[in-house]
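Using the numbering used here, read the sequence shown as starting at 125 and increasing by one per residue.
Please keep in mind that the hints were generated in silico from the structure rather than gathered at the bench. The structure presented is a predicted model; accordingly, all values stated were derived computationally and were not measured. Worth double-checking, as some hints may not be accurate.
To be verified - FRET-style restraints, in silico, Cβ to Cβ:
#1 Gly166 / Asp143: 27 to 35 Å
#2 Thr178 / Pro135: 15 to 23 Å
#3 Pro163 / His189: 27 to 35 Å
#4 Glu195 / Gly144: 30 to 38 Å
#5 Asp143 / Glu188: 29 to 37 Å
Even for Gly, the Cβ is constructed at its ideal location relative to N, Cα and C.
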Amino acid sequence: MISQRFKIKIPLVVLIQVDGLYTTMYTTVGEIVTITNGPLDGVRMVEVQWRDQTALMFTVELREHADLISETASRAKS
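Given the sequences, and given the hints that come with them, work out the whole structure.
Structure follows, in structure tokens:
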């Protein structure tokens, strides 16, 4: 699995689950998000770690409005 960390350049929409329902919030400039599930391709959403919680973000917004700051590969133990 590849873990990519991004630094946000402009406020971006994030979806979080609160009491079983999804709600939208916005990141702030300079925040760091880490992709935890899904490749950063296409126009779909990816799961990220944001403010110590799991959230969903649009891949296109991350590609266009955030800077990749690190990428590490971890191997699953067999």
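To see whether the hints hold, each was checked on the structure:
1. Gly166 / Asp143: 27 to 35 Å: holds, 30 Å
2. Thr178 / Pro135: 15 to 23 Å: holds, 19 Å
3. Pro163 / His189: 27 to 35 Å: violated, 18 Å
4. Glu195 / Gly144: 30 to 38 Å: This hint holds: roughly 33 Å between Cβ atoms.
5. Asp143 / Glu188: 29 to 37 Å: holds, 32 Å
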